[in-house]
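The primary structure of each chain is shown beneath.
Protein chains: 6
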Amino acid sequence: MAKVVTFGEIMMRLATPGYLRLVQANQFEVTYAGAEANVAVSLANFGIDVSFVTKLPSNELGQAVLRTLRQYGVDLSHICFGEGRLGLYFLETGFSQRPSKVIYDRANSVFALSKPQDFNWDEILKDATWLHFTGITPALGDNLVESCRNALNKAKEKNITVSCDLNYRAKLWSEEKARGVMSELVQYVDVLFANEEDTEKVFGIHADDSNIVEGKLSLAGYEQVCRRLRERFGFKKVAISLRESIVANLNGWSAVLLDDDDFYHSRQYTVHIVDRVGAGDSFAAGVIYGTIMGMKPQETLDFAVAASCLKHTIIGDFNQVTLEEVKKVAKGEGSGRVVR
Amino acid sequence: MAKVVTFGEIMMRLATPGYLRLVQANQFEVTYAGAEANVAVSLANFGIDVSFVTKLPSNELGQAVLRTLRQYGVDLSHICFGEGRLGLYFLETGFSQRPSKVIYDRANSVFALSKPQDFNWDEILKDATWLHFTGITPALGDNLVESCRNALNKAKEKNITVSCDLNYRAKLWSEEKARGVMSELVQYVDVLFANEEDTEKVFGIHADDSNIVEGKLSLAGYEQVCRRLRERFGFKKVAISLRESIVANLNGWSAVLLDDDDFYHSRQYTVHIVDRVGAGDSFAAGVIYGTIMGMKPQETLDFAVAASCLKHTIIGDFNQVTLEEVKKVAKGEGSGRVVR
Amino acid sequence: MAKVVTFGEIMMRLATPGYLRLVQANQFEVTYAGAEANVAVSLANFGIDVSFVTKLPSNELGQAVLRTLRQYGVDLSHICFGEGRLGLYFLETGFSQRPSKVIYDRANSVFALSKPQDFNWDEILKDATWLHFTGITPALGDNLVESCRNALNKAKEKNITVSCDLNYRAKLWSEEKARGVMSELVQYVDVLFANEEDTEKVFGIHADDSNIVEGKLSLAGYEQVCRRLRERFGFKKVAISLRESIVANLNGWSAVLLDDDDFYHSRQYTVHIVDRVGAGDSFAAGVIYGTIMGMKPQETLDFAVAASCLKHTIIGDFNQVTLEEVKKVAKGEGSGRVVR
Amino acid sequence: MAKVVTFGEIMMRLATPGYLRLVQANQFEVTYAGAEANVAVSLANFGIDVSFVTKLPSNELGQAVLRTLRQYGVDLSHICFGEGRLGLYFLETGFSQRPSKVIYDRANSVFALSKPQDFNWDEILKDATWLHFTGITPALGDNLVESCRNALNKAKEKNITVSCDLNYRAKLWSEEKARGVMSELVQYVDVLFANEEDTEKVFGIHADDSNIVEGKLSLAGYEQVCRRLRERFGFKKVAISLRESIVANLNGWSAVLLDDDDFYHSRQYTVHIVDRVGAGDSFAAGVIYGTIMGMKPQETLDFAVAASCLKHTIIGDFNQVTLEEVKKVAKGEGSGRVVR
Amino acid sequence: MAKVVTFGEIMMRLATPGYLRLVQANQFEVTYAGAEANVAVSLANFGIDVSFVTKLPSNELGQAVLRTLRQYGVDLSHICFGEGRLGLYFLETGFSQRPSKVIYDRANSVFALSKPQDFNWDEILKDATWLHFTGITPALGDNLVESCRNALNKAKEKNITVSCDLNYRAKLWSEEKARGVMSELVQYVDVLFANEEDTEKVFGIHADDSNIVEGKLSLAGYEQVCRRLRERFGFKKVAISLRESIVANLNGWSAVLLDDDDFYHSRQYTVHIVDRVGAGDSFAAGVIYGTIMGMKPQETLDFAVAASCLKHTIIGDFNQVTLEEVKKVAKGEGSGRVVR
Amino acid sequence: MAKVVTFGEIMMRLATPGYLRLVQANQFEVTYAGAEANVAVSLANFGIDVSFVTKLPSNELGQAVLRTLRQYGVDLSHICFGEGRLGLYFLETGFSQRPSKVIYDRANSVFALSKPQDFNWDEILKDATWLHFTGITPALGDNLVESCRNALNKAKEKNITVSCDLNYRAKLWSEEKARGVMSELVQYVDVLFANEEDTEKVFGIHADDSNIVEGKLSLAGYEQVCRRLRERFGFKKVAISLRESIVANLNGWSAVLLDDDDFYHSRQYTVHIVDRVGAGDSFAAGVIYGTIMGMKPQETLDFAVAASCLKHTIIGDFNQVTLEEVKKVAKGEGSGRVVR
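Chains as they are written, first to last, in the working numbering: chain A, 629 to 968; chain B, 629 to 968; chain C, 629 to 968; chain D, 629 to 968; chain E, 629 to 968; chain F, 629 to 968.
Think of the hints as simulated: they come from the structure by calculation, not from any bench. Wrong hints could be hidden among the right ones.
[Said to hold, decoys possible] Derived DSSO-like pairs: lysine-lysine, alpha-carbon spacing no greater than 30 Å straight-line: (1) F:829 x C:959; (2) F:805 x F:829; (3) A:729 x E:956; (4) D:959 x D:784; (5) E:754 x F:631; (6) D:743 x D:782; (7) E:754 x E:784; (8) B:956 x E:844; (9) E:786 x E:799; (10) B:786 x B:844; (11) D:844 x F:955; (12) B:805 x B:786; (13) B:864 x A:956.
Given the structure is predicted, the values throughout are model-derived calculations rather than measurements.
Please construct the entire structure, taking both the sequences and the accompanying hints into account.
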């Protein structure tokens with residue numbers, strides 16, 4: 629039986645209602661979100677046994693996070709608690725030519741200040757078969773680089789599959805710092821999630837000019853990036869989600885996957901967007917799910933793209949869809965006819 | 629002076645706000661809805677004298693239904709009351725590749741359990757010139773088949789025009805049961821509303837393969853279905869609304885009409901959707917209105933399609949538009965410029 | 629380690645916002661509630677290991693119930709699922725001289741139609757130390773009388789403490805029917821919760837006239853009722869909550885407890901009310917908690933009354949308070965000074 | 629069969645949500661209200677045949693008024709329409725020491741500018757048995773004095789009972805103007821509603837000093853005012869509602885009635901207030917109802933005070949209560965226990 | 629240092645929530661709006677020193693306007709106050725084929741009834757470098773024609789640049805009246821904003837038939853209209869915004885500018901619309917801003933079109949965007965990618 | 629002309645709607661608040677020229693604060709900006725026996741990390757006549773002790789009146805630390821605001837046992853505390869607000885004032901509470917206002933208590949009342965009768 633562990637920060641998300649701007653808002657919609665928590669919830673919704681590991685403040689806000697995650701049946705028994713604050717972020721949802729805007733207020737959170745000894749990886753990973761984290765976690769501080777290193781070492785020891793989403797955030801660390809840390813950490817990684825910008829900024833990997841058409845990468849270009857990543861780090865799989873932003877509320881959405889030596893690409897969906905935050909995480913969760921369930925690479929990719937396509941229609945970072953709904957879209961039933 | 633009577637169930641509709649999913653909702657928007665009530669409200673909004681016949685619970689919820697329908701000036705004097713429950717349905721509105729979802733909770737409603745003797749058709753139809761019902765009413769139980777039969781017999785006796793929308797619902801009855809009942813009941817029907825799926829499932833009527841292009845019916849195919857229905861049952865008019873689902877919030881919308889021996893089709897609207905539930909009913913109401921008012925067939929069809937096109941922009945099942953608004957769109961003014 | 633099992637129905641609660649009447653409402657606030665689920669949530673909030681047993685519909689509404697209960701950490705592993713409807717109730721909150729109004733729509737719910745074999749009591753009660761139910765469960769049908777009987781027999785076999793809240797509901801069954809069933813079932817009960825009206829209606833037990841002062845029972849009268857219940861059925865504890873309704877939003881609230889042969893009464897709180905539904909359940913949970921934790925009778929009673937006093941200030945049926953908050957009020961700190 | 633006609637203005641009421649001040653509000657709650665419309669709705673809710681006469685703008689806002697009033701089954705067939713504006717008022721609800729605040733924006737409304745010939749009293753009063761208006765209607769302009777005069781003359785001709793609520797509004801006319809007009813109009817009036825301030829300001833009628841205790845009128849004082857009104861104008865009944873304002877959200881509420889030569893007073897309710905606007909109108913409607921139904925004076929008064937006591941708990945000007953609810957409170961059941 | 633003065637009315641805007649129709653609404657969203665106030669807020673948001681001149685009621689609603697405008701740092705020191713009402717308008721937002729609908733209720737507002745002597749132009753324009761008004765202000769009455777004339781005379785005296793947006797409103801005055809008044813007033817104007825319909829209706833100026841393609845003006849046609857306006861009145865700049873209404877929520881948006889003798893046109897944006905009211909004002913503000921800042925004509929036009937493109941995504945009439953945001957879109961970054 | 633300067637932090641306040649608990653909330657109501665900002669807004673509302681000095685983040689949240697404060701006409705020209713976060717606090721409003729709960733998340737805010745050189749006191753205090761701060765400001769860090777010291781030195785130099793509210797917050801600093809710092813800082817203070825607990829904790833000053841009646845201080849006791857404070861530090865005025873907490877939503881509210889050698893006490897209001905946060909600040913503002921305006925001590929005290937009594941009915945920390953409203957209550961008109 630598969631058991632996935634994800635490790636990272638979960639924040640309170642404060643979003644303006646409708647299309648109000650931050651400076652106009654008198655109310656915020658409150659949900660909870662974080663790259664690794666988002667993956668955990670997606671997997672739990674698909675029926676996978678998943679444990680989310682973090683540190684939370686020992687106050688009502690920490691309780692609110694627990695309640696929220698409990699709804700999805702995510703295992704929370706390895707979360708630790710302490711005095712401190714919950715990280716948070718503010719979101720204003722874009723429309724047409726106006727982009728969405730995110731303001732982070734996550735510095736000095738109880739998780740960012742957590743100590744390596746807060747996490748007993750031997751116990752956390754006892755029955756685990758998969759460990760997932762993103763580049764955000766080590767970006768929060770050297771203490772968390774150390775925690776990641778501990779986790780990865782223990783994972784290697786236990787022969788646990790490891791996946792990582794590069795998720796480079798310029799506000800959290802410099803490219804140099806990221807390169808140093810991530811070059812080390814991805815050595816433990818089997819499955820890498822990235823986008824073109826991430827790989828350029830973190831690893832200096834990019835496609836040849838010949839693969840750029842009208843300023844955008846061709847499929848061949850994405851394939852080249854995947855293959856170069858695999859060459860350098862030996863990943864078993866590299867998956868890249870591709871977003872074509874027409875306007876803020878209307879995007880093209882597809883993905884590519886390099887699995888061993890074979891390259892796959894998905895169909896492209898034109899998605900009308902309710903809330904796109906967390907789409908990348910829902911894609912990663914889809915690939916993890918497909919891999920765990922033994923789907924073939926193309927099927928895995930199609931499943932992951934369908935899942936993340938649906939995420940764009942869900943309010944909040946969490947992908948609140950069922951396995952059946954994803955499979956139906958993956959099969960091509962994406963025309964949105966009423967289900968009675 | 630025309631007087632229309634519609635007969636069926638009205639339910640409480642509990643819809644999640646915005647694009648929240650049912651499992652996310654902490655609030656529901658409450659409206660009231662039902663295929664035949666929707667038609668009645670449309671007609672009342674167009675200035676037609678219309679009476680809605682049903683059975684309601686004798687409690688506050690029944691009162692709330694009365695209040696709601698009274699707003700539109702629908703005649704409610706033939707509604708009867710009794711102990712029991714109000715049927716209801718839950719609605720989550722789809723977006724992009726995620727379809728809308730409807731959960732019915734209508735079993736054992738006070739209407740579904742009504743007795744034929746609850747309705748005195750002699751009195752109800754005293755001054756009526758038109759009777760409308762849908763396939764949902766007889767699907768609710770043999771008692772309601774009997775009530776429909778009583779109504780239709782009395783209508784025939786009084787030479788009242790009868791219209792019926794097939795509205796096949798697999799959750800309410802089997803195709804076999806529907807075929808048996810509807811084959812009998814439509815013998816009284818002058819104007820039939822249907823869609824291709826309905827006619828296939830209820831009557832086994834479909835177009836020849838040569839009329840199918842890329843998996844969809846051609847106009848010729850729809851014409852063939854209309855003509856076969858007319859041949860078998862002798863309908864004066866057969867009207868079919870055509871929905872092309874691009875994504876859940878963006879549809880093509882048009883319709884065809886066989887009037888005596890002549891076949892008509894409307895222009896197709898690309899509709900951006902606020903709420904599509906009840907669109908079919910608003911189309912039926914448009915055809916009934918045009919027919920009553922002596923419009924020519926093409927004008928009737930264009931009016932009905934314009935009316936139901938507008939319905940997609942109205943919250944709730946009821947088509948809250950005026951005659952003037954429909955006529956303006958039917959004339960081609962559908963570009964949505966501000967009216968000051 | 630104590631482990632409590634509660635058995636009963638959980639419904640969707642549809643409440644009008646603020647002080648709107650049902651006939652005025654365009655929105656409902658959605659929560660989930662039921663006498664035995666309310667007790668389970670209270671106990672979980674106090675840190676007790678508790679399992680809630682019911683049957684739910686296998687659709688999104690059943691999922692919504694699961695999500696809700698999971699938030700509190702209630703064990704849901706013994707809930708079974710099936711096709712059918714979720715019971716529900718409508719609530720309009722009273723104010724001043726206008727009382728709150730409840731309309732039940734729970735007939736034919738998937739739980740009301742559950743079969744005795746849906747519940748494997750041997751497994752459900754495996755590690756249980758306490759079983760709680762209320763008179764509502766057997767009132768839902770003979771199938772549930774049988775399920776209760778099965779549970780109680782198994783509880784007796786396993787020497788599990790049993791508590792029952794009489795909760796007589798005239799809309800569910802007659803006094804005669806209730807008397808017959810409950811007289812049998814309470815033979816298994818150790819701790820009885822009731823109010824004066826319940827005991828009169830279900831068992832015909834009441835106080836002597838001399839104990840009635842100005843039309844209301846004196847404390848001596850309540851003591852007499854408790855003692856008569858104990859005499860007839862041999863309960864170890866009888867607890868009665870006392871509500872003095874000044875106006876709908878301002879009540880006196882206290883309780884009495886007969887523990888073995890000793891009679892206790894609590895202080896009376898003057899409660900300003902936000903939402904009083906579920907207060908009785910929160911009182912029962914308080915008594916169960918105190919008993920499990922080995923509190924003395926007076927301490928148990930004071931804890932239970934403080935807990936249920938606080939319930940009046942919480943929106944929804946569930947008593948969303950912490951152990952510390954209850955203990956603080958029980959100690960006399962109920963003046964509501966800001967906690968910073 | 630009684631048939632009541634009320635004549636006056638109905639306005640849009642724009643109230644801030646909760647206890648927000650006007651300068652804080654980003655939203656308004658929209659209802660419709662007016663002294664005579666409020667009386668009409670109360671009577672319709674009690675099952676009385678009632679017609680409301682006014683003039684409305686022929687736009688969507690006029691339609692919204694129609695829809696609103698139709699909900700209650702008020703007859704609207706004598707309402708006339710024209711180009712113009714709908715009067716409106718802004719409301720901020722007080723609390724504790726902060727009073728409610730009303731800002732009127734009703735000048736130049738289509739009703740205030742209506743012409744006497746807009747109202748065909750012969751037809752309007754054809755089957756009427758009772759005519760009700762308030763001092764607000766003639767205060768809106770000489771055109772409306774004339775319309776009132778026309779209505780009253782026709783009422784006298786047809787031997788219709790006439791009631792009037794003085795409702796003096798200093799912002800609409802001066803005391804002198806009011807005295808001149810009202811002294812004439814009340815000559816047609818059988819039942820007068822007033823408060824002490826009204827009678828002082830409009831008619832210069834007040835109680836002797838000996839009837840003033842601690843700055844407030846004694847019951848004897850109110851009796852004297854009633855009798856002096858009756859002496860001067862020959863009213864059959866004079867009813868005065870008495871409000872004791874403790875704080876904005878907590879009032880004492882009672883009333884007195886002089887019926888022929890007999891003086892009655894009601895019990896005083898302590899009302900916790902949700903929304904007190906329209907309470908006086910609901911009292912007048914209660915007296916009209918009791919009189920029409922042939923209740924005895926004390927019963928009429930108790931009914932009217934109970935009805936208006938309940939009004940304080942209802943959002944909006946309209947008294948959305950049933951006959952049964954009022955009678956229950958009038959009988960003394962005002963403790964607000966939950967009705968299940 | 630530039631200092632802009634704008635002169636006109638500001639109204640309360642009462643908009644239905646979401647896509648509810650006016651007849652469905654139980655709530656209104658409250659903002660404040662007016663053509664000249666909208667321009668003032670846009671300029672203040674861009675950092676320009678701007679004063680808005682109007683007359684407000686001396687009550688809470690006037691205070692609410694002050695508070696609102698103060699948020700943006702608009703100078704309000706020349707606003708005068710008096711007894712009277714605040715103008716208002718009702719808005720229902722269109723979607724797809726259903727257009728937005730505006731109902732004005734602005735007659736007899738305290739501004740419409742203001743006297744020329746309420747405005748001391750010598751003082752108001754003391755340090756001003758630019759004066760802006762629209763055709764709505766003189767349309768409100770001869771008193772306001774006089775006030776405009778006073779302002780324009782003083783502006784000429786002080787050599788202040790004057791801009792005017794024709795903004796013809798058929799509900800406020802006839803074409804004849806408008807022609808007479810505006811022909812006089814635009815003699816003082818340097819920069820004219822208009823649309824094709826305005827110039828035809830107010831000045832009888834239109835393009836030759838040869839410039840009409842498929843019923844719409846070609847770019848050459850717009851150029852011709854601009855040049856004819858310049859010829860007749862000697863404007864330094866003429867700017868026309870071009871809206872192509874696909875459906876109510878999806879429009880093409882671009883503009884043309886005649887600057888001295890040179891004609892410019894912008895790119896066309898396809899805008900998905902949240903709220904389009906005020907877009908024209910935000911365009912005018914953009915042109916004024918560019919001119920003041922010494923941008924070149926093409927840059928000014930691109931800036932103004934980008935600013936007004938963004939306005940379509942902002943709730944309320946005011947264009948709540950920053951200089952940086954506009955410049956980013958003007959540079960071509962309008963794909964709506966998330967800003968983190 | 630008086631000009632007041634207040635110096636401190638302003639936070640975002642995130643309050644649950646209605647009486648929802650923090651763990652229940654899916655939305656927060658957003659306002660902005662802080663002890664010294666609250667005082668500034670109160671004074672601006674009373675027409676006093678007031679400047680609020682703080683440091684804000686240079687992002688949208690800082691802009692939102694500016695917008696908010698600008699509404700009231702507070703001078704913001706001395707606010708400085710920098711990279712960093714805005715402090716915030718979470719609020720759940722208590723009811724009955726359940727207290728309000730505040731969770732602060734203000735550590736490391738851009739203000740808490742501000743440097744003394746961020747504030748140029750020579751310029752800030754140029755025309756000032758009054759400086760106000762509270763004990764919260766120096767509690768935020770030694771940098772802010774230094775900033776306070778700089779401000780106070782400059783104030784002394786310029787002979788500016790200084791007021792201080794002790795506002796001891798145990799979560800921000802220890803009693804020892806507070807004693808050391810505040811003993812120094814209050815040497816510059818003319819007017820001290822405190823409560824009994826503050827003076828005990830910060831200065832170890834308390835009343836003799838003989839002044840304690842039933843566990844509470846008598847008026848004589850409060851007088852003694854005031855006199856001891858004056859003796860030790862030489863304050864010109866000492867003002868203490870007295871809250872008697874009956875339940876969370878019903879409090880007694882009054883105050884005492886030692887002015888030179890004379891002791892005054894106010895009447896006690898029974899306040900029904902909408903929102904009590906900020907009441908102490910509104911009291912301080914009232915005393916400052918009365919003093920500035922030259923009111924006599926009793927009048928000043930009565931004004932301040934009336935103002936802060938009204939604050940309890942206002943949503944948000946800011947006291948959104950007018951001078952006229954406060955004066956009316958201070959005169960004894962606090963019965964809450966409707967103002968039309």
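Evaluated hints:
| no. | hint | verdict |
| --- | --- | --- |
| 1 | F:829 x C:959 | holds (24 Å) |
| 2 | F:805 x F:829 | holds (11 Å) |
| 3 | A:729 x E:956 | holds (14 Å) |
| 4 | D:959 x D:784 | violated (36 Å) |
| 5 | E:754 x F:631 | holds (27 Å) |
| 6 | D:743 x D:782 | holds (17 Å) |
| 7 | E:754 x E:784 | holds (13 Å) |
| 8 | B:956 x E:844 | holds (20 Å) |
| 9 | E:786 x E:799 | violated (34 Å) |
| 10 | B:786 x B:844 | violated (41 Å) |
| 11 | D:844 x F:955 | holds (23 Å) |
| 12 | B:805 x B:786 | holds (29 Å) |
| 13 | B:864 x A:956 | violated (40 Å) |
Hints 4, 9, 10 and 13, counting from the list given before, are not met by this structure.
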